[in-house]
Amino acid sequence: MIRSDQMDRRFIEEVMAEPGGEHLLTCWSCGTCAATCLVRRFNPAFNPRLILHKAGLGLREAVLSSAEIWACSACDTCYPRCPQGIHISQVMRAIRNVAIRAGYEAPGPTAQVDANRCSGCAVCTRICPYEAIERASQNIDGQERVIARVDRNLCQACGLCVAACPSGAMSLEALNDAELLTRMAAGGWLEHAGFLQGASTTPRLLAFVCQWSVRAEDEWQRIQALNDEHLRVVILPCSGRVEPAHILLALSKGVDGVLVMGCHEGACHYQRGTYLGRGKVALLNEMMAQMGIVRERVRFVESSALERRIFEERLALMREAILALRPALEIPAR
Amino acid sequence: MVDAARHPQITIKAYSEVERVDGYIGNFRALVTQKPRYVIEERCTGCGECAPVCPIEVPNPFEMNIAPRKAIDVPHGQAVPLIYAIDMDYCIKCYQCVTACGERDAIDFLQEPRTEEIEVGAIIVATGAAHFNPSVIPEYGYGRYPNVITAMELERLANSSGPTVGRLIRPSDGQVPKSLAFIQCVGSRDKRFNEYCSGYCCMASIKNAILLKQEHPEMEISIFYMDIRSPSKGYEEFYNRARAMGIRFIRGRPAQITEDPQTGNLFIEVEDQDLGQVLEVEVDMAVLATALIPQPDTQQLATTLTLARSPSGFFMEYHPKLRPIDAPTDGIFFAGTAQGPKDIPASVAQGSAAAARAARVLNAETWEIEPVIAHVNPELCISAQGKKCGLCAMACPYNAITVEVGRPALIIPAKCHGCGGCVAECPQNAITQDHFTDAQIVAQMREYLREKPEEKILVLMCHWCSYGGADNAGVSHFQYPPDSRGIRVMCSARMDQDLVLEAFRRGAGMVLVSGCHPQDCHYISGQQVAARRFERLFRTLERLGINPERFRVEWISAAEGEKYARVITEMSQKLASFDKEALRRENEAARKAIMQRLLRWRSLPDMAAVFAEEEEEKEVALE
Amino acid sequence: MNKINLAAYWASSCGGCDIAIVELGEHLLELAQVADIVFWPAATDFKYADVEAMADGFIDLTLFNGAIRTEEDVHIAHLLRQKSKVLIAFGSCAMEGCIPGLSNLVGPERALRRAALETPSTDNPEGVLPQGHFEIPEGALTLPRLCGTLRTLEQVVPVDFKIPGCPPNHDQVWNALQAYLAGHLPKNGLLGVDPRTVCDQCPRVREGKIRVKQFQRPHEVIADPERCFLEQGLICAGPATHAGCGALCVKANMPCRGCYGPPDGVTDQGAALLDAIVASFDGQSDAEVRQIVGTIIDPIGTFYRFSLANSLLQKARALASQGDDPCASQAATEGETL
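Residue numbers (this note's numbering), protein chains in the order written: chain A, 1 to 334; chain B, 1 to 623; chain C, 1 to 338.
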């Protein structure tokens, strides 16, 4: 039972005094944000409505000590739908600022910098949508060097920095390259040649699918069920996490095509990952064209949490496009 | 309606527009134009033989555009009068209808609009409301997913005189839905669109749910709501009945609706708050309970009838509690959703009330009007001298003043509500207000500022809000220093610049003018007139050498006693921070320039008596 | 103490790597104390026959520079492998294909036509092309044929160590030789390098968090010598390039080109650099992507300038078109680990 002496008016005032927290009390708990929230699908304990409601009651301890206040990735999908016009991610930020002052910190996971590998090249500082990384002088093995440092209170564990780091100095548990490779290659899937070598009648495709671009449970189940010898689906935390090296590896192993599915422009869960995913695929397409490899074999496609059956449509389109390459490449029929 | 049509003292002018309304309570003159039906009213029997042969189908707003009607048609089968009309935008003049009409010969393609002037004593505005279009909410999919419809569309689909003869089918495949969802508060209670609650949709959706459930007991019906508003007689009991019938109520506002393109089914994602979990509910059809919004031509009608609009856009009543049926313009009354969203019992009650209020007017020989009205002095009005002015008319919220070049401005006493805006705006000081003349106000000022004026704050406050606010401060025991002296006028619009300057001329330490908040002004737009005026006054004071910090403008409502006390306290502190000797010198230095400005005003006959007592020397040469 | 037998060879190369050895300068005198040069076509007159006559493993250390372009390169690579205890891929050509590797974009015929017929300075009105086999009264003249693909040394024979650079920095060459002589050989196969990437040795100021809306080429702008190139919209391969050269080019106000190869643990340098460059893109929309990508001229020449030959991109292409390659049978099977 929560008693009224746990309802601290000063906590409410403190949150409302923070920039972004002004509208805390106009929330009437309609639950639109809670039902919209994509984070919730992976983290059922996260409920923005509940956090705002608890904060509005002044339950200081319960709010500040919870792990959930760090889980909002500020994707702002809920904000345009809030009937009270509350910028919920800003309220979360206000609450976090109060928490940081009170000595709390984010529970993680947080991107980790390998100090021995990091050269302080600053690439990661540019890609982080949350500006959570800076270069800072640190003493490593008796030497003062300026290397990357991640602010764990801002890091949303999106993995974009892990992809961006050109020297492999950034890591994030469960999202490292080794893990992605394992998923790609499991069951020897990469060891078969494909349609373009005349070894298969159906094009073999690899699909990197952003976990936020498909929303409904039944959609995911349907997509997972499509995995077979001609299709391998690898889930990414963000389409911006896609590694061109992995795409090239797949192509070099005889995979006929690689589909990268991400969110619509401007709708990225981590604010700009989809833009970066597109950038990588676009640049890779340019290089493929220079090298004489057909561009249609690597494509970026969009989907959103509001759409269904997009994946199957795009897959079918890619298959058709590759099948149509047969005459041009003079592939012997089998 | 039929009774009304038959009543000997009621004339129904259907298919008509009110172009203009002149006059005042008890004596309105309305210019009404009847649009051409291209059907001769006296000859049309409403037999309906023309419509079936017409080859042109047009959108049918009565059927919510679900089904068409013909280019010659009636709005619906119970229309009063039951006279057909041709939509000339679509008619191709094939003459099929003429043939069908036969001997009745009721069709006349050459019919012209007819205008007539009607004299009426009272006007009731019952123009209704429109419906919010939910296609501006992309996450609900209206307009993209065929099986997402609005509540009004459902009304037509479930109605036995509707396009599907009462069989509820879903648009995508014509099947009877096995499951249905109602989504409440679509466009209502939403800061992005309309902040108000539309008031009728909870009950309407429950009603529809019960009707459908009775007809299709196995249909799964869910209602997604934030609150169920069932305040009136029998409403809560009705709601409980719906629950008992097995209609599912889920408290949660749906975040989005997605569609499975292969089945046409809809998936509603919502947090069930009582459960604390997100549900994904698959339904065959979704019904959006959309908001009531003002009619698109509300502004046009407001201009024609001199009506004001509330912030929500509906017509504004004289007072929301004490006179909810009356418009601020005397003799005009409201009934129904034109004045604000409400349900049928409330609309009917308002209709009776409006009739009663109008009857008072019609049965009266004479009508009592405001005593504090304004008068134009024809000798001073420059319009009478052939010059173009009209500032008074522009300031009047009630269109009570007519100005013609060559004649003095004419104030219609029955329309004047006594805000005093015209009095203050007139640059010739040609207008006076009964019981609130400049002389009377200056006389009060003279007494207040007789001794040690530089230690005093002179306050000009409007009667309805700020005076009430000051009173509220007193009654509520909000403490404030005793430096202020208040003069009451009816409206901040009355507060002439000259009065403020006069106060400074008399040596006042500080001056506060205070009125209503913009949306609260008793005289609709008086406060706005005042606000513009006082913005200019700051610059004037600077040029005169008066520190603009000595002048303050505040909008304080009758409930804001605390604010009044706070403002006076702040001003008092500020006043205390000024060196009094410096203030006196500042006033002295500005006096000559102020005198120059006030010269004409001071020379008015009414003002002479006030200034007679003073020993002002003739420092300024008269022109 | 016995002197070691030292060999150096140039396959398809520009000669810069041999000059890098000469640039050891006075260290050559020290080298002469501990090593005998038994084969070095650039500087000495030993013949192939001399090598063929050696016993297997006779050569202690071979510094093999240049890419494998012709049948002759393949043959000698195998020969030197056989005769050497330790074979080092010396310089970028041998290690990763370097500039000659870019000919894989067009293939040997096209490259040959360009060189022999089409360049503006070529005066070849009869369109004479080199022949693999030509009969003259005295007998047959042969020229080694071009391989269908340009390969790295490791793509034809096993390699013990690599020394990166185009050319390797002479200080680093001396460090590498000293390491070899002292027996301090690293686990990861690279000699003469410093840890991490060029950015570690770069003196420029990096503010971080700066994104750009377009990239420019070095000749289009005079770069600020104090600031990071990437933060000025110039593509610098520094973040994806192994340290060791001391950031020489950067200090001369030219962006790094990547000649020292990928950082430790990274197989495909171009992909790693692509990741780093995309991180600098500013914008949110498809149109902005196209616009920025449009300012990156010659992506392969920028990202894979030195490393195309043994990159994943190359391998992807190899599968797509299987041309006629006279060297194919002699190529080693490649391990595709990342």
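Warning: the hint list may mix true and false statements.
List of simulated lysine to aspartate or glutamate pairs, EDC-like, C-alpha gap at most 16 Å [stated by the list, open to error]:
(1) LYS209(C) <-> GLU131(A)
(2) LYS321(B) <-> ASP520(B)
(3) LYS315(C) <-> ASP151(A)
(4) LYS93(B) <-> GLU57(B)
(5) LYS209(C) <-> GLU191(A)
(6) LYS209(C) <-> ASP151(A)
Hint data in this document are derived by calculation from the structure and do not stem from the laboratory.
Hints, one by one, checked against the model:
1. LYS209(C) <-> GLU131(A): holds (7 Å)
2. LYS321(B) <-> ASP520(B): holds (13 Å)
3. LYS315(C) <-> ASP151(A): violated (39 Å)
4. LYS93(B) <-> GLU57(B): holds (14 Å)
5. LYS209(C) <-> GLU191(A): Distance of about 41 Å is beyond 16 Å: violated.
6. LYS209(C) <-> ASP151(A): Distance of about 14 Å is within 16 Å: holds.
Against the hints set out earlier in the document, violations occur for numbers 3, 5.
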